[in-house]
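Colleague: Chains as they are written, first to last, in our numbering: chain A, 1 to 985; chain B, 986 to 1077; chain C, 1078 to 1261; chain D, 1262 to 1677.
Rather than coming from a laboratory, the hints here were simulated on the basis of the structure.
Since the structure is predicted, the reported quantities are computational estimates derived from the model, not experimental observations.
Don't take each hint at face value.
Stated by the list, open to error - Calculated lysine-lysine pairs in the DSS-like style (CA-CA distance at most 30 Å, straight line):
| id | chain 1 | residue 1 | chain 2 | residue 2 |
| --- | --- | --- | --- | --- |
| 1 | D | Lys-1290 | D | Lys-1644 |
| 2 | D | Lys-1644 | A | Lys-138 |
| 3 | D | Lys-1414 | A | Lys-421 |
| 4 | D | Lys-1527 | D | Lys-1484 |
| 5 | D | Lys-1414 | A | Lys-960 |
| 6 | A | Lys-589 | D | Lys-1414 |
| 7 | D | Lys-1415 | A | Lys-589 |
| 8 | D | Lys-1281 | A | Lys-500 |
| 9 | D | Lys-1279 | A | Lys-514 |
| 10 | A | Lys-896 | A | Lys-916 |
| 11 | A | Lys-628 | D | Lys-1414 |
| 12 | A | Lys-514 | D | Lys-1358 |
| 13 | A | Lys-269 | C | Lys-1168 |
| 14 | D | Lys-1279 | A | Lys-500 |
| 15 | A | Lys-682 | C | Lys-1168 |
| 16 | D | Lys-1290 | A | Lys-138 |
| 17 | A | Lys-960 | D | Lys-1415 |
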Amino acid sequence: MTAYRLTAGGLVDRSRALSFSFDGRPLRGFAGDTLASALIANDQLLAGRSFKYHRPRGIVSVGSSEPNALVTIGSGARSDPNTKATVAELYAGLTARSQNRWPSLGFDIGAVSDLLSPFIGAGFYYKTFMWPAQLWEKLYEPLIRRAGGLGRVVLERDPESYEKSWAHCDLLVVGGGPTGLTAALTAARAGLRVILADEDFRLGGSLLSETQAIDGAPAHVFADRVVAELQALPNVTLLPRTTVFGWYDDNVFGAVERVQKHVAEPLAKLPTERVWRVVARRALLATGAEERPLVFGGNDRPGVMMAGALRTYANRYGVAAGRSVAIFTNGSAGYQAARDLHAKGITIAAIVDGRVAAEDAAPEGTRVIRSASLIDTRGRRRVSGIVVERSGFEELVACDAVGMSGGWSPVIHLACQRGAKPVWSDTLSAFVAPDVGGGLRVAGSANGVYTLSGCLGDGAAKASAIASELGFKPTQDVMPETGEEADPSFTALWYAPGAKSKAFVDFQNDVHTKDLGLALREGFGHVEHAKRYTTSGMATDQGKLSNINAVGILAGMRGVSPADVGTTTFRPFYTPVSFGALAGTARDKHAAPTRKSPLHEWARKNGAAFVEAGPWYRSAWFPRAGEKTWRESVDREVLNVRANVGICDVSTLGKIELFGPDAAEFLNRIYCNALLKLPVGKARYGLMLREDGFVYDDGTVSRLAEEHFLVTTTTAMAGGVMSHMEYCSQVLWPELKVRFCSVSDQWAQIAIAGPKARSVLQQLIENDISDAGFPFLAAGTVTLKGGLKARLFRISFSGELAFELAVPAGFGIAVADQLMDVGRAVDICAYGVEALNVLRLEKGLPTHAEFDGRVTPDDAGLGRMVSPHKTDFVGKHLSSRYGLTAADRMQLVGLKPVDREKDIRAGAHLLREGMKPSTLNDQGWVSSACFSPVLGHHIAFAFLKSGRERYGERIVVWDKLRDQEAVAEVCDPVFVDPENARMKA
Amino acid sequence: MASLITCPHCGVRPKEEFAIRGDASLVRPAPTASDEAWHDYVYVRANPRGRTLEHWQHVGGCRRFLVVERDTFTHEVHSVTDGAAFARENGK
Amino acid sequence: MIRDYYNRNALDEKLRGAPRPPGANHLAIGHRQAVSMVLAVAGEEDSVEKLLSSATEFTGRFSAPGEWLVVSENDTPEGLQRRLDALCSDKAHIVDQSEARVLFRISGPSMRRILAKGIGLDLDPNVFATGASANALCGHIAVNLARTGEDAFELLTPRSFAESLFDNLMTMGREYDLTAAFAA
Amino acid sequence: MRYSAFSIVKNALSGNLKWKPQWRQAEPKSHYDVIIVGGGGHGLATAYYLAKEFGVKNVAVLEKGYLGSGNVGRNTTIVRSNYMLPGNEPFYEFSMKLWEGLERELNYNVMLSQRGVIMLYHSDGQRDAYIRRGNAMWMEGVAAELIERDQLKKMIPFLNYDHARYPILGGLLQRRAGTARHDAVAWGYARGADRHGVDIIEHCEVTAIRRENGVVTGVDTTKGFIGCGKLALAAAGNSSRVGEMADLKLPIESHVLQAFVTEGLKPCIDHVIVYGGGHFYISQSDKGGLVFGAEIDGYTSYAQRGNLATAEHVMEEGVAMIPGLSRVRVLRSWAGVMDMSMDGSPIIDRTPIDNLYLNCGWCYGGFKATPASGYCFAHLIAKNDTHPVARFLRLDRFARGYVVDEAGAGPQPNLH
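Could you put the whole structure together from the sequences, leaning on the hints where they help?
Modeller: Below, the structure written as structure tokens:
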């Protein structure tokens, strides 16, 4: 047993033991532990297997930069694969499993790939697996795929919920360490609206593992005091467990709060995670600095950890990763760790210092080996010793853990997400944040200020400056006293010379120094190429530990400064964010808003089958007892409309009212047909083009008064047409005096169609609706018996005598009910959009299935509608282009199967009889098709090359996709009542 | 800008309240203008890297077409004006 | 045949059943109110705005330049139309929207936090003060939002979206035990 | 050095120290027969085919950044030929066939993975549109299958069959479609072109196009003037900027498209799945990351970064289609600048300037087009004649009224 819980100390609550399990083994930790600290307490340092070589790997770090200790937490649909044990807050009942190993973490067959490593170095797969060709797809790739990936996802419905929220503030402080806390406090006291976010579950950052006293008290006490004051202020929002993952334009930040990731039984009223979109006038990055690993032979052996992590585990969590720890360092931080560990009773086996001269104080009695390199480690699944080389002599030093400290890299990720590149600082031997303007500033260690007093001061100063800038008056506070501090300097060491075994740069992706060398040799020396070729920095930690060393090593090999190598691009997300959190509440039936017609309940009551139509649910058909298929219901509805009468909910059509002296002129410009002289009290079909001359939408235009119009749009295009009209009115012709307003939601609209429509409707309406009193295409206000005002339009989409009655939406159901009651005597039926579709096809009326955005009015047989007399309308000029008027364009025709038993379905293509299928021979396609109960066979609309000249021709309807073929006769698309006698009855 | 637009009528609003229509510097030619003028109006775009004028409709708000003067590289917004006012000023 | 037709609220189905007593955070659905859209005639925007702000029976809610929604608790739709026609005479077009909009009246101490889950506007009273109104998105749904008090807001949404908005608001409010009922 | 299993073993035994650069770091000569502007997939493929198929070997590719730094290195790696219109389908099928032989052609494993692309439909209307498309594919001899709901459930059990806002009714499947390793395509073509004598010049930005008597004579670059007989532009994302140097105004807007990758997962998604209720599409890479994207951000942009609102919308679509994605964590997002053309289709054509050639307007379809684009562009440059499969992809199609508008959305680029 080498890793263990210290007998005392740390900020864990030793009175609250929590049981959890790892790979099925029951273990115990304390409240305040992370999974990683609890694993260490149970001597479970081995936590995972690497991606490529399946090497055993242990916990390396203490935070979100962890490359190795990735586990799956939870089970079934609640599994969270690839969770970093170092950030997972321990809770009672947590179950964790290791990943990417078989059969077990201790013994993993996949590890044989390690033996093959000379053959499978960087980019090997680009050079092989090509022979024989079919084996790539059948053998090699499936093998590679199976080897790929880390955790296993359970693609089941997630039982938990998520949400999003906006937040607005004067100052967002990212990071709740010494810098962030003092900054937040300074700003909050000055009166700013402050949000402080930190990824940890406890605010305080490095103060929680600091041994330095502040104002004579332990640092964590100082942190608690500041947090308490912030908590009490109404202008402060504290967001622990919240990672600010992205910085977007206009100083908008994305952050994810893990609201209930740390509880076994989440509350239903709270989300598991919540994404915050923070709109911040100013933001301060107080994200600290990341300690660098050192690249030396055998540096991936479990037990080799960041020195600072060892220190935090000991100080904050009260756990030790080993009893005898060797330190490999190139700066003072390694000594600091050694001192703290020593103070906890942990033996320091040796301090190996790469530097020639160093003044740092080692704990008493500790052996310091200067000017030395660590060239290898010993041990199998756990480090048992290190090989130190100094002046050509090698020495084995026994130890059971190694702390490495390669200096500091400011965490500047967010500041570089919007295009600005990090700037190399020779002084700090690190990349620092670029100047990105006043919106986002960097303070404390993230700004290269590594001392505690420096951080406290920098946080306060930057917050003060921001407060003044925003017009607040900062209070003058006395800085807390910190006492004497060690010099935080280090000398960059990218690669410890003399490695005797693989020296890893990127632990998770198994990229070692030789891979980088190979990349350089093969011409992939550019930092982006090196990354892409070796996959360095592409693992789930995004190279938080590794990238800087990769840059340093490339710089060394190329003989240039790291400044010349530069970094790869920093991009969101800082740490991975779940789909669920980013999707929020929009999921399943709530994935998009639903619109319901005012007649929805009426349709439901009448047994409607509903169909999704954009945001709407529309009634598709109304099955009756005994009807076994939808076709039976639809056929009955169609025949009944043609023989008697039916009513249909058409409320979903877009309805726009226009007012003003120029309303007529405006409409005349946006429709291609003439509307200027439309009489009051009349409706007219209207066809709208895009400026490129293709059909955009169709509908009706009714003139309710001289300067008052009502237009309808198709359901699908209602929003688009409204925007189009707004564009025309505001941008193209602002001089036209016209105002309009959507009234789509104001009216419930019912189509009443069939030879008995009038007799039914007349019973509800006071006005005379005889053909004389209300002729075809009449439009106007009527009064229902009882006094309700309504609008009536004599328009037909079925070819029958038909009306559309619009009543205020809330009355829709009552009026529809009444129509059904009154119509019962003449066998009225409700019909849905399927019957509507059959009726319009029989009558030869095109709709959006035909108007697919590539069709001209002439293609659709509506060429005569395009007014030749108007000087201008949208789409006029470009309509005359050659390609839009060519004789061989596809034109709308009707199709009837020659063998009347055969069916035709939409989507089939057309071929001349005897011609082979080919793109060149393709004659057209079927846009709509249905069974016509009136005619007793299938009918279809199709677009056929020069179609209108080809009535009577036989054509092959070719539906290879469904292996069907039929011969059809090309005909006029009006199948029923071409004389319009029924409609005008 | 990619995140927020200050609507002159409604104040600061998130991007998702807007629908982007395209280049606002184009002027619709007279009906009698040449084929080339019409072709350029409908199909050709200056597509600058830098400042550009673009129509954003505030569909989730006042439904006005706004002219957003914006940098296509830095995403900085320089001004937002009402589309009708802009059109009038520019010769309508 | 003479008959009176029954007018149904868009949320009749959602709020069916016995109402729960209202909690601290409560959503009340307006059952009967008149709503009109006032569209100023070009050039008369300012004078219409003045006329509307001079009225004491109702307030105009800003929708767009020259466009306001007027909500009245006391008028019938026809009554409000007549009143506005008289007030604005030929300076504005009045469109009845009483059936087109559903009124969500929402109030309680957690209101800002609830609404922030759907609305991107800064609801700090210094930014969006009592009496302020504007169109905005709530989640994916367009609403007209008005602040009627420190912790009280009203949302007007198109009728067809009412059920969706209702579901959204209840989800947004579950953390704070939001209750809902028709207004008394 | 030819790549083979043997070469790998041989090199491994000598410590992998003898591998050579995959392409030379060339310095510009004073004059080339053809200069290609843009060292991305299309530019490099063009150079490769020019040298290999059309015997034009005195060729330079100028790249302002590092090789493959444009969209070839920042896409979602999908290759397919499931188009509907006769202006597109033959071209993309030609490309698909080139993909199928590319590994042997280039002696470079671009890891083509023909996992099948399935586009879901959610309504009868959408199904009919896919049937139309599937039959158009068959017309060109391309196999397509209509997968109905029951069969789909067996094939892809984890889709949202029971609770979707837009019901998943079935899909249109092209089995030959799939993914390829994007960077490898750039590198493979670069290595191939290099082996045929093409000079690839990285970090060489074109700053001006010189013309004399109406013809292009060369380009000014950050590495000085370089003369040429013909100049070919393949700078998608920046086409308008490069075109402007020759006073060309193009039917193009630059838009930004985001893409995303999740943490590595054990194999869980076999196909490339395209959601029909939005634009979302997803596949799993050989490394295990789920690679996905959806619609463009909507505004013109030359910045290779996206906005959060769009990212959130993409996730909404993802969870709508596959509820089990909810707990999967997204590792990284990135963004590319697209040449969005006015009809959603590309342009491979001559320009009004005799020796200036144009390859642009790839919208978000550029990656899959890489081989055919290179081949057809090379054909055009070498023979001054349009390759038959690219005959509809002309610059003057807008003026003539022969747009190739696959989406039927009209002349508004952000709707395609």
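Colleague: Would you pick out the hints that fail for this structure and give their numbers low to high?
Modeller: 2, 3, 4, 12, 13 and 16
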